[in-house]
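Participant: Protein sequences appear in the order of chains A and B.
Sequential numbering of the first sequence, starting at 0, is according to numbering that gives the first Met the number 0.
Sequential numbering of the second sequence, starting at 0, is according to numbering that gives the first Met the number 0.
The hints are simulated quantities; they were obtained by calculation from the structure and are not laboratory data.
Hints should not be assumed to be uniformly reliable.
[Said to hold, decoys possible] Here are the simulated PhoX-like cross-link-like pairs (lysine-lysine), alpha carbons at most 20 Å apart as the crow flies: (1) B:Lys255 with A:Lys369; (2) B:Lys143 with A:Lys250; (3) A:Lys111 with A:Lys57; (4) A:Lys40 with A:Lys192; (5) B:Lys384 with A:Lys369; (6) B:Lys275 with A:Lys316; (7) A:Lys256 with B:Lys384; (8) B:Lys200 with B:Lys181; (9) B:Lys260 with A:Lys316; (10) A:Lys105 with A:Lys250; (11) A:Lys363 with B:Lys262; (12) B:Lys31 with B:Lys255; (13) A:Lys369 with B:Lys275; (14) A:Lys40 with A:Lys30; (15) A:Lys227 with A:Lys169; (16) B:Lys260 with A:Lys369; (17) A:Lys363 with B:Lys31; (18) B:Lys384 with A:Lys363; (19) A:Lys169 with A:Lys131; (20) B:Lys262 with A:Lys369.
[Said to hold, decoys possible] Going by beta-carbon spacing under 8 Å, a handful of chain A positions derived as facing chain B: (21) Met0; (22) Leu2; (23) Glu20; (24) Asn64; (25) Met229; (26) Val252; (27) Met275; (28) Val276; (29) Ser287; (30) Ile290; (31) Ala309; (32) Val312; (33) Gln313; (34) Tyr364.
Model, not experiment: these values are computed from the prediction.
From the three backbone atoms N, C-alpha and C, an ideal C-beta is built for every residue, glycine too.
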Amino acid sequence: MNLNYSDEQNMLREQVLKFCETNYDFIDREKILESDSGFSKDNWQQFAELGWLAVPFKEENGGFNFGPVELTVLFEEFGKALVVEPYLSSVVMSGTIIENSDHKNKSSIIEKIISGEHQMSVAYAEPNIGYKFLDCYASTSVSNNILSLNGTKSLVLNAGNANQFIVLAKHEGLSALIMVDAEVDGLSIQSFKTIDGQTCGELTFENVLIDTDSILASGDDAEAIFNKMMDLAILCISAEAVGAMNASYVKTVQYTKEREQFSQPISNFQVLQHRMVDMFIETELTKSLLIKATLQLDSNDPDAQSTISALKVQVGKAGRLIGQNAVQLHGGMGVSNEMSIGHYLKRFTAIDSMFGNTSHHINKYQANQKE
Amino acid sequence: MDISFSEQDLQFQEEIRAGLNGAEYPAHVKEKQEKGINFSKEDVIDFHKFLSSKGWMGYNWPVEYGGTGWSPVQIYLFLNELALAQCPTILPFGVGMVGPVIYTFGTQEQKDRFLPDILNFDTWWCQGYSEPGSGSDLASLKTKAVLEGDHYVVNGSKTWTTLAQNADWIFCLVRTETTQKKQEGISFLLIDMNTPGIEVKPIITIDGDHEVNSVFFTDVKVPADQLIGEEGKGWTYAKFLLAHERFGIAGVPVVKVQIDKLKNLTAEYNDADLNKKIAELEIDLEALEFTELRTLAAIAEGGHPGAESSILKIRGTEIQQRLTELYVEAAGQYILPYEGPDGFDSNRTPSGPEYASTSVAQYLNYRKTSIYGGSNEIQKNIIAKAILGV
Numbered sequence: 000m001n002l003n004y005s006d007e008q009n010m011l012r013e014q015v016l017k018f019c020e021t022n023y024d025f026i027d028r029e030k031i032l033e034s035d036s037g038f039s040k041d042n043w044q045q046f047a048e049l050g051w052l053a054v055p056f057k058e059e060n061g062g063f064n065f066g067p068v069e070l071t072v073l074f075e076e077f078g079k080a081l082v083v084e085p086y087l088s089s090v091v092m093s094g095t096i097i098e099n100s101d102h103k104n105k106s107s108i109i110e111k112i113i114s115g116e117h118q119m120s121v122a123y124a125e126p127n128i129g130y131k132f133l134d135c136y137a138s139t140s141v142s143n144n145i146l147s148l149n150g151t152k153s154l155v156l157n158a159g160n161a162n163q164f165i166v167l168a169k170h171e172g173l174s175a176l177i178m179v180d181a182e183v184d185g186l187s188i189q190s191f192k193t194i195d196g197q198t199c200g201e202l203t204f205e206n207v208l209i210d211t212d213s214i215l216a217s218g219d220d221a222e223a224i225f226n227k228m229m230d231l232a233i234l235c236i237s238a239e240a241v242g243a244m245n246a247s248y249v250k251t252v253q254y255t256k257e258r259e260q261f262s263q264p265i266s267n268f269q270v271l272q273h274r275m276v277d278m279f280i281e282t283e284l285t286k287s288l289l290i291k292a293t294l295q296l297d298s299n300d301p302d303a304q305s306t307i308s309a310l311k312v313q314v315g316k317a318g319r320l321i322g323q324n325a326v327q328l329h330g331g332m333g334v335s336n337e338m339s340i341g342h343y344l345k346r347f348t349a350i351d352s353m354f355g356n357t358s359h360h361i362n363k364y365q366a367n368q369k370e
Numbered sequence: 000m001d002i003s004f005s006e007q008d009l010q011f012q013e014e015i016r017a018g019l020n021g022a023e024y025p026a027h028v029k030e031k032q033e034k035g036i037n038f039s040k041e042d043v044i045d046f047h048k049f050l051s052s053k054g055w056m057g058y059n060w061p062v063e064y065g066g067t068g069w070s071p072v073q074i075y076l077f078l079n080e081l082a083l084a085q086c087p088t089i090l091p092f093g094v095g096m097v098g099p100v101i102y103t104f105g106t107q108e109q110k111d112r113f114l115p116d117i118l119n120f121d122t123w124w125c126q127g128y129s130e131p132g133s134g135s136d137l138a139s140l141k142t143k144a145v146l147e148g149d150h151y152v153v154n155g156s157k158t159w160t161t162l163a164q165n166a167d168w169i170f171c172l173v174r175t176e177t178t179q180k181k182q183e184g185i186s187f188l189l190i191d192m193n194t195p196g197i198e199v200k201p202i203i204t205i206d207g208d209h210e211v212n213s214v215f216f217t218d219v220k221v222p223a224d225q226l227i228g229e230e231g232k233g234w235t236y237a238k239f240l241l242a243h244e245r246f247g248i249a250g251v252p253v254v255k256v257q258i259d260k261l262k263n264l265t266a267e268y269n270d271a272d273l274n275k276k277i278a279e280l281e282i283d284l285e286a287l288e289f290t291e292l293r294t295l296a297a298i299a300e301g302g303h304p305g306a307e308s309s310i311l312k313i314r315g316t317e318i319q320q321r322l323t324e325l326y327v328e329a330a331g332q333y334i335l336p337y338e339g340p341d342g343f344d345s346n347r348t349p350s351g352p353e354y355a356s357t358s359v360a361q362y363l364n365y366r367k368t369s370i371y372g373g374s375n376e377i378q379k380n381i382i383a384k385a386i387l388g389v
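Taking the hints into account, I'd like the entire structure generated from these sequences.
Facilitator: This is the structure:
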């Protein structure tokens with residue numbers, strides 16, 4: 000039994016931490032949010048140069064062959080600084096699907112992701128299916144020997160910037176993962192800002208022509224790859240949440256030590272101390288489930304599914320408690336958009352909503368226990 | 000990172016499991032633990048005698064004092080196995096508390112005199128800390144010990160003394176001096192419960208049980224060689240003791256067993272709301288269990304978990320209490336008939352599930368968990384000071 004990070008993992012953490020300290024204070028971040036793309040292309044290029052975009056990929060595809068542990072290290076640090084660059088959608092989500100597919104050009108696609116020149120995103124959600132992503136309506140059809148895709152995909156992260164999408168759709172009645180160029184005829188993209196300062200888009204496919212080569216996987220294979228991608232995505236945003244929780248309680252402790260009322264720092268008041276202790280405890284408990292889930296995913300443990308759901312539930316509940324208390328203890332400053340603290344609450348809220356919220360994963364956890 | 004236990008540790012676990020299922024294990028105790036019946040004083044003694052016979056009593060002691068010398072991981076696995084088998088709880092007062100204080104701070108004479116009896120469970124120890132006026136503010140204690148020649152004269156009272164009615168000896172924090180700083184006048188005294196002037200009065204708790212007591216001391220003469228270490232250093236020893244007994248504080252395996260039982264008992268109810276609450280409790284338990292493993296991994300590497308173990312106490316007791324609430328919720332109206340810890344006469348049985356009346360008793364009894372061992376509020380003060388620095 001050994002729960003220490005390796006030297007290599009600690010170095011990675013140091014590197015991300017330093018980067019965020021230098022390039023990602025709250026004012027830097029505000030500027031990034033206001034930019035057209037909603038993220039910093041300079042930062043993205045630096046991510047590439049630092050090798051971060053290669054972290055999860057296999058060596059044969061030009062990656063570092065790192066696993067879930069390294070990804071969670073990266074995301075924990077991203078979470079502390081509320082990094083908005085589209086690492087999750089492009090590297091983790093799209094990358095996982097591409098790498099697990101049999102696509103003939105997968106190495107060159109991954110190479111382009113790693114170099115930073117190419118961004119991708121997964122189109123998994125739809126307007127009317129909630130979290131039942133596999134019960135999608137988007138589907139292919141054939142007429143005159145021509146295969147085409149129709150349907151609507153929602154909440155596609157970073158849709159306005161992605162060069163390609165991987166669309167979850169029905170093909171011959173089965174689930175399929177289909178790669179589509181952003182520029183293709185018949186695809187219209189409507190972009191939105193999200194509550195937490197990122198961007199997403201609504202994709203409408205109208206008779207978009209599909210080349211059979213662009214079907215990355217179908218049937219059971221597609222579902223297995225999709226589920227694997229989902230698990231990893233949940234793990235990463237949970238790690239991000241842990242980082243954000245850490246930052247939230249640390250910033251709150253600091254603020255209460257500086258803020259004086261009734262002629263003393265408000266950190267003297269026990270009722271506030273205990274709330275901050277609650278924030279600390281929830282952070283540690285979340286970290287525990289994060290490590291457990293990470294190690295289980297890393298070793299393909301059959302219990303990983305259940306732990307991932309437990310983790311997502313804990314992230315949802317703890318994020319709410321910590322985010323709300325951080326705002327409360329900052330008083331009026333907490334609800335002011337020009338303070339960072341409220342932005343953590345926004346990120347917690349967004350994270351809970353993604354890939355199955357707390358209620359959804361309580362149900363999923365129960366279903367897993369019964370099996 | 001790697002969370003698996005070593006082959007050696009797994010083999011150790013097997014040995015413990017085999018021992019608990021072996022022929023030497025007292026059959027009447029085993030029968031009760033399987034049926035979930037309360038243990039009698041004799042059961043508790045027989046269980047401890049069994050541990051002694053296996054050489055397991057000093058599970059947390061170094062070899063030189065007759066202990067097992069087990070590693071932190073082995074201690075963890077040992078306690079885990081006992082809990083999963085639903086054995087009686089090892090009484091912490093002797094082996095967990097006063098024993099380590101004696102072998103760390105006691106004289107050779109004291110070690111020779113007291114340690115073997117603890118390991119053989121020939122003395123039942125109890126703990127004299129809290130007083131009517133000193134709960135969370137323990138250092139304000141007033142029970143006085145005045146040195147007169149070769150003995151101390153003790154006057155005062157202790158309260159919430161667990162199982163003092165069964166105890167042969169009590170270890171007490173007493174005031175030997177009134178000092179500016181209240182911690183500095185406290186001493187650590189070992190007292191024979193048969194000494195004239197000691198009176199034990201039961202305190203009946205809200206579940207109707209007799210678990211705790213008041214202990215009164217009137218001119219009790221205690222030989223001076225029963226003082227541990229130096230006069231005025233008792234607070235240091237008390238703090239050492241508190242830091243020593245950390246394993247198992249979260250109660251994870253016990254809760255695990257009880258959740259499984261509850262799921263079986265309520266399977267046919269198909270109560271979606273109850274099932275959801277159980278699932279949420281299981282998730283919280285998973286988080287707590289892995290937090291305990293993180294603490295264990297730190298200890299196994301020679302670290303000293305400080306205030307972090309307060310998390311285990313706070314969340315562990317919260318989970319235990321929530322579990323008792325779920326049992327009560329599951330039993331619904333059938334919790335109403337209750338006549339005390341001994342149950343009903345065999346010729347009268349109220350309707351409703353069998354677990355109903357024990358669950359309400361457990362619910363009431365477990366309110367103590369967030370109060371004892373340093374109340375959860377005190378634990379939060381510790382974290383606030385030691386970790387958050389406020």
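Participant: Look at each hint and say if it fits the structure.
Facilitator: Okay, the hints, checked on the actual structure:
Proximity of Lys255 (chain B) to Lys369 (chain A) is assessed by CA-CA distance (about 16 Å); at most 20 Å being required, the pair is judged to hold. At most 20 Å may separate the alpha-carbon atoms for a hinted pair to count; Lys143 (chain B) and Lys250 (chain A) exceed this at roughly 47 Å. A C-alpha spacing of about 14 Å is found between Lys111 (chain A) and Lys57 (chain A), which places the hinted pair at or below 20 Å, so the restraint holds. The straight-line distance between the Cα atoms of Lys40 (chain A) and Lys192 (chain A) is roughly 17 Å, inside the 20 Å bound, and the hint therefore holds.
A distance of roughly 43 Å separates the Cα atoms of Lys384 (chain B) and Lys369 (chain A); the hinted pair therefore is violated under the 20 Å criterion. Restraint check: the Cα-Cα separation between Lys275 (chain B) and Lys316 (chain A) comes to about 15 Å, which is no more than 20 Å; the hinted pair holds. Annotation: proposed proximity of Lys256 (chain A) to Lys384 (chain B) holds, straight-line Cα distance about 13 Å (limit 20 Å). For the hint pairing Lys200 (chain B) with Lys181 (chain B), the CA-to-CA distance comes to about 28 Å; that exceeds 20 Å, so the pair is violated.
Simply put, Lys260 (chain B) and Lys316 (chain A) have alpha-carbon atoms about 26 Å apart, too far for the 20 Å limit, and the pair is violated. A hinted pair counts as satisfied when its Cα atoms are at most 20 Å apart, and Lys105 (chain A) with Lys250 (chain A) does not qualify at roughly 43 Å. A distance of roughly 17 Å separates the Cα atoms of Lys363 (chain A) and Lys262 (chain B); the hinted pair therefore holds under the 20 Å criterion. At roughly 19 Å between alpha-carbon atoms, Lys31 (chain B) and Lys255 (chain B) fall within 20 Å of each other, so this suggested pair holds.
Taking the CA atoms of Lys369 (chain A) and Lys275 (chain B), the gap is about 12 Å. The hint holds against a cut of 20 Å. The straight-line distance between the Cα atoms of Lys40 (chain A) and Lys30 (chain A) is roughly 12 Å, inside the 20 Å bound, and the hint therefore holds. With a C-alpha separation of about 18 Å, the suggested pairing of Lys227 (chain A) with Lys169 (chain A) holds against the 20 Å cut-off. Our distance criterion of 20 Å between C-alpha atoms is met by Lys260 (chain B) and Lys369 (chain A), whose separation comes to about 14 Å.
Note on Lys363 (chain A) and Lys31 (chain B): the hinted pairing is violated, with a Cα-Cα distance of about 36 Å set against a maximum of 20 Å. Between Lys384 (chain B) and Lys363 (chain A) the alpha-carbon distance is near 39 Å, which puts this suggested pair outside the 20 Å criterion. For the given pair, Lys169 (chain A) sits about 13 Å from Lys131 (chain A) by alpha-carbon distance, which is consistent with the 20 Å threshold. Our distance criterion of 20 Å between C-alpha atoms is met by Lys262 (chain B) and Lys369 (chain A), whose separation comes to about 11 Å.
Given the 8 Å rule on beta carbons, the hint for Met0 (chain A) holds: about 5 Å separates it from the nearest Cβ of chain B. For Leu2 (chain A), the interface hint holds, the least distance from its beta-carbon to any beta-carbon of chain B being 4 Å, beneath 8 Å. The beta carbon of Glu20 (chain A) is not positioned within 8 Å of any beta carbon in chain B (closest approach about 21 Å), and the interface hint is therefore violated. Here the hint on Asn64 (chain A) is broken, as its CB sits about 16 Å from the closest CB of chain B, past 8 Å.
The interface hint given for Met229 (chain A) is broken, as the beta carbon of that residue sits about 19 Å from the closest beta carbon of chain B, more than 8 Å. With a cut of 8 Å, the hint placing Val252 (chain A) at the interface with chain B holds, because the nearest CB-to-CB distance is about 5 Å. The restraint placing Met275 (chain A) at the interface with chain B holds, with a minimum CB-CB distance near 6 Å, inside the 8 Å limit. The closest approach between the C-beta of Val276 (chain A) and any C-beta of chain B is roughly 4 Å, which is under the 8 Å cut-off, so the hint is satisfied.
Taken as an interface hint, Ser287 (chain A) checks out: its beta carbon lies about 4 Å from the nearest beta carbon of chain B, inside 8 Å. This hint holds: Ile290 (chain A) has a C-beta 7 Å from the nearest C-beta of chain B, less than the 8 Å allowed. Given hint, Ala309 (chain A) at the interface with chain B, holds; its Cβ is 4 Å from that chain's nearest Cβ, closer than 8 Å. Interface restraint check for Val312 (chain A): the shortest CB-CB distance to chain B comes to about 5 Å, inside 8 Å, so the restraint holds.
A hinted interface residue such as Gln313 (chain A) counts as satisfied when its beta carbon comes closer than 8 Å to some beta carbon of chain B; here the least separation is about 6 Å, so the hint holds. Of the supplied interface hints, the one on Tyr364 (chain A) holds, with its beta-carbon coming within about 5 Å of a beta-carbon of chain B, less than 8 Å.
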